[in-house]
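Sequences are here, hints too, so could you generate the full structure?
Count along the sequence shown from 1, then add 3; that gives the number in the numbering used here.
Keep in mind the hints are simulated off the structure, nothing from the lab.
Quantities reported herein were computed from a predicted structural model and do not represent experimental measurements.
All C-beta atoms in this analysis are idealised placements derived from N, C-alpha and C, irrespective of residue type, glycine included.
Warning: the hint list may mix true and false statements.
Calculated cross-link-like contacts (lysine-lysine; reagent style BS3-like; alpha-carbon spacing at most 27 Å) [stated by the list, open to error]:
id	residue 1	residue 2
1	Lys317	Lys56
2	Lys196	Lys139
3	Lys166	Lys226
4	Lys340	Lys56
What follows is a list of derived Cβ distance ranges for each label pair [said to hold, decoys possible]:
id	residue 1	residue 2	range
5	Thr350	Thr91	33 to 43 Å
6	Asn481	Asp44	53 to 63 Å
7	Ser382	Asn477	26 to 36 Å
8	Asn152	Ser54	32 to 42 Å
9	Glu458	Asn374	38 to 48 Å
10	Asp44	Asn224	26 to 36 Å
11	Ile279	Ala109	19 to 29 Å
12	Asn193	Phe439	43 to 53 Å
13	Thr67	Asn261	47 to 57 Å
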Amino acid sequence: MNRILTVFILTLPFMINGQVNSLLDSSFNKIGYKLLDLGNDDEKANSCFLSAKNKIYVSGGSSTSSSDRAFITRLNDNGLVDSSFNSTGTIINSTFYSIYDSYEDANNNIIVTGAKSLLNQNMVIARILENGTYDKAFSGDGIQEINFNDQEDVAKKIKEDSKGRYVVAGTTGDGFYTDVLLSRLDHSGNLDKSFNQTGYLVLNFGPKDRSYAADFLIINNNKILLLVNHYAETSTSYNINCFLINENGTIDSTYGVNGKLMIDINNQTDVACSIIQADGAFWIGGYTTKSNRDQIIIAKLDSLGHLDANFGNKGISINAIGSSSMTPTSMKISSDKSFRLSGRISTSGYPDACIVGISSKGTIDSSFAVNGVFQFNRSNRTDHFNSFFIYPTGQIIAAGFSEDSIDDKTIILKLKNKISVGIIDQYKTISLTKFFPNPFQHNATIEMNLNESLEFGIRLFDESGKYISELVPNKSYNAGLIEVPIEVPNQLRSGNYILVIQSKNKILASIKTKFLNQ
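Pasting the structure below:
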């Protein structure tokens with residue numbers, strides 16, 4: 004008899020305690036981390052993500068004394084390179100100087116973006132099929148290269164809107180003074196002229212200012228919430244700006260004050276790395292520099308472009324990590340609605356790679372690692388995490404680089420998570436109300452309330468984050484109260500499991516369960 008016992012718990016913390024070795028997940032490459040050696044002088048990962056089939060993709064740039072090349076590698080969940088991807092597990096392309104962002108679309112294609120060559124840069128976007136070959140339906144050969152007004156153009160972030168168009172954000176400029184560049188391409192890779200009549204938008208703060216797009220979100224009606232870092236020549240400091248861009252490429256003047264929200268903390272250097280949407284609000288992660296130390300900031304925004312005065316100090320929380328300087332490069336939200344930020348941390352000497360936990364209230368999350376901070380240094384030189392993702396089951400994969408006495412190597416690291424039994428709602432678009440019968444022998448029903456029409460499926464993972472099976476294929480559901488039946492595999496062993504409700508690459512909710520096969 005098969006039975007699943009499910010207990011409903013509203014808040015479940017992500018817990019890691021102990022020394023570094025006890026935090027590393029030894030199921031990943033036996034030691035919890037892996038170095039990629041592509042035979043070049045320097046290799047650095049800038050982006051990583053988990054695919055719908057539980058594959059790990061890591062991408063970035065590599066260089067020798069004579070050339071610069073981009074790479075993307077696919078790993079299995081155990082940390083071994085997946086040779087079914089491009090026959091070697093890795094694509095190396097000299098068209099790119101480096102890949103800065105990547106994701107998987109609904110058809111399991113890989114979308115990457117970056118820049119061509121260190122000098123005289125052009126924006127480059129590519130679409131790669133699941134087997135590791137380029138998709139020739141995209142721009143004829145799978146790669147689109149764009150030069151805007153004979154400037155140096157770099158693409159840093161890319162996302163896909165609800166109409167299958169690619170939105171790309173980055174910079175354009177003369178190599179010293181830079182402006183924000185936002186462009187939109189159709190699904191075939193051509194500039195979409197319905198966006199600002201040209202297919203792109205340039206935000207210029209001043210003739211001798213430097214600004215760049217840090218991140219963006221695509222929200223309701225395909226509007227773009229754009230996060231910008233701006234360095235003013237006159238004030239010699241950075242500040243953070245948010246713009247809301249209409250679907251047609253114009254700035255929404257009703258957002259914030261005259262179309263802009265600006266964050267400037269006491270004339271300090273304020274730099275953002277990420278913007279995410281959760282619990283009906285928008286959250287910005289980054290840092291402010293005070294007394295020559297970078298301190299973590301989290302800002303909470305409403306949909307109108309105003310800071311939420313009920314969070315932190317007038318909408319902003321600031322956290323110093325002891326006497327250290329912590330510089331974040333990426334932020335994600337965990338299933339218990341606390342934040343994780345990756346980057347580097349240093350007190351003196353070489354910096355360590357790190358991941359820091361911040362609670363939903365904006366304070367250090369002491370339940371994460373030791374005093375809220377996981378630090379890693381492989382060889383007592385510079386280590387840095389540029390990107391990371393959180394499994395539906397709570398484990399973390401982080402990617403960046405680790406320096407030794409000769410060169411930099413890409414490092415991929417996996418952290419454990421302590422599993423609990425319960426249910427977690429991650430987004431307000433879906434509310435789980437019942438799971439019945441409980442316990443059940445083979446079949447069960449999940450009752451949920453949808454605030455809007457959604458397409459999603461339900462997948463089963465074990466407690467290590469390994470994908471087991473698809474319980475419910477992707478299907479469209481209308482808004483309102485619905486019941487979704489599930490059936491678990493007959494051969495499933497007793498143990499802890501997670502049911503993940505997922506829309507494309509977005510996790511809507513997770514149910515942590517204990518399965519009893521009797």
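We went through each hint and held it up to the structure:
no. : hint                           : result
1   : Lys317 with Lys56              : 42 Å, violated
2   : Lys196 with Lys139             : 22 Å, holds
3   : Lys166 with Lys226             : 12 Å, holds
4   : Lys340 with Lys56              : 25 Å, holds
5   : Thr350 with Thr91: 33 to 43 Å  : 40 Å, holds
6   : Asn481 with Asp44: 53 to 63 Å  : 55 Å, holds
7   : Ser382 with Asn477: 26 to 36 Å : 44 Å, violated
8   : Asn152 with Ser54: 32 to 42 Å  : 36 Å, holds
9   : Glu458 with Asn374: 38 to 48 Å : 41 Å, holds
10  : Asp44 with Asn224: 26 to 36 Å  : 47 Å, violated
11  : Ile279 with Ala109: 19 to 29 Å : 20 Å, holds
12  : Asn193 with Phe439: 43 to 53 Å : 50 Å, holds
13  : Thr67 with Asn261: 47 to 57 Å  : 48 Å, holds
Checked against the numbered hints given earlier, the structure breaks hints 1, 7 and 10 and satisfies all the rest.
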